[in-house]
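Participant: Using the sequences and the hints, build the whole thing.
Residue numbers (my numbering), protein chains in the order written: chain A, 799 to 1037; chain B, 799 to 1037.
Hints are computed from structural coordinates only; laboratory data are not their basis. Only true hints are included.
Since the list can't tell identical chains apart, any single copy or any two copies may satisfy a pair.
Computed list of lysine-lysine pairs in PhoX-like fashion (alpha-carbon distance at most 25 Å, straight line):
1. 857 <-> 984
2. 971 <-> 857
3. 984 <-> 971
4. 971 <-> 898
2 protein chains.
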Amino acid sequence: MINPNFRLLVISTSTIYGSGYLEYIREEILDFLQTDELLFIPFARPSGISHDEYTLNLKTALEPFDISVSGLHTSKDPVETIRKAKAIFIGGGNTFLLLKTLYELGLVEVIKEVVAKGTPYMGSSAGSNLTGLTIGTTNDMPIVYPPCFEALQFLPFNINPHYLDPDLLSTHKGETRETRINEFHKFNNQAVIGLREGSWLRVENGNIELKGSLSARVFRPGVSPKELDSGILPESIYL
Amino acid sequence: MINPNFRLLVISTSTIYGSGYLEYIREEILDFLQTDELLFIPFARPSGISHDEYTLNLKTALEPFDISVSGLHTSKDPVETIRKAKAIFIGGGNTFLLLKTLYELGLVEVIKEVVAKGTPYMGSSAGSNLTGLTIGTTNDMPIVYPPCFEALQFLPFNINPHYLDPDLLSTHKGETRETRINEFHKFNNQAVIGLREGSWLRVENGNIELKGSLSARVFRPGVSPKELDSGILPESIYL
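Facilitator: This is the structure we're talking about:
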């Protein structure tokens, strides 16, 4: 079911509380990449920071560990740059902006193509939303209008990054995350994996493995959500 | 600037903590409506409940106070039903679903038409998002793909309902509401009014009045957000 060429690292959040950018997951990243060159796609612009600024943040986090980082925004031929990339990282920020930019620049197909052939793909937050079927379970505001909600569709389900359990003490009446995902399932059939901060999926050899110290929450239409322990995901979760 | 025919009640939330559906704002609603017939548009389906169920909730809340409620979903000719309505209420739920349904049924123009002529319009949560320029500052998940993000555009700004202050004690690294609105302003120029739960806008005689006991938070691109006390909004806030 999962293309055995896929090598994916699908990260809930780039940063956990009290720790620097990608610090908590650095060992996993270095182990995963198996290259010293990383192509960064900074289009999601968290807090609206510039592509340059965002790329600099990543350089600061990874270059001391001998990973050289280049930002796709500086390329004159982004399609060719993606074709030649040793590994790709799409960082977090606004998922609508990210998806719209990829479609506008005509990059969706080439990313799918190289990842299907084995280029390692790392995504965090918005970049992880894109690994699923659609961006229909993003937490972001629709600040721009993308041409569709279809994502890169590496995984046969949707991701909800930064998954947050209901706060039982809250007096706020806005919908909980779980209520929102239940609303999604009135109109969509795919499973949704709620990845808590500090969790990630590593996909290799046709297997999807949940890593990090936390369980994930799996939502399917018409059945109660289930907690999933770390380890290789049984196909029954998403088929 | 504001059409003097507009009669709008733009409510942040239908329900506040510890109180029944619309209970906290019932007196205001009765005073605002000035009619005993209310047309309910239940298309936002909160938690995915059916149109019938949702309409029943509203009947239960308002019929004891001599407001007769009918659900638009039961009409064979919704355009004509809207033309004849004494007052319209669009309830909360999922904003994407609501907007998509209105466009699909061809109801956006007729609602704009009757409200411009003076039909009272009441919106709560998703129904309040629609009174602004776009749904770009909704909190909801994009569970369906609407044909555009343009809303009913009664007000020359956007609404963020259920506005929530950052939780200074939180260890969660997902974006705060304020961060999300700042991201919106990298790509959009209109002011955004964050309406806290328990607040609402009443629009009449060309004035927009903030009501309820709380202040609202106004966001404009490039300047610090401002707290706004209850009372008539100065035009400088949104022009």
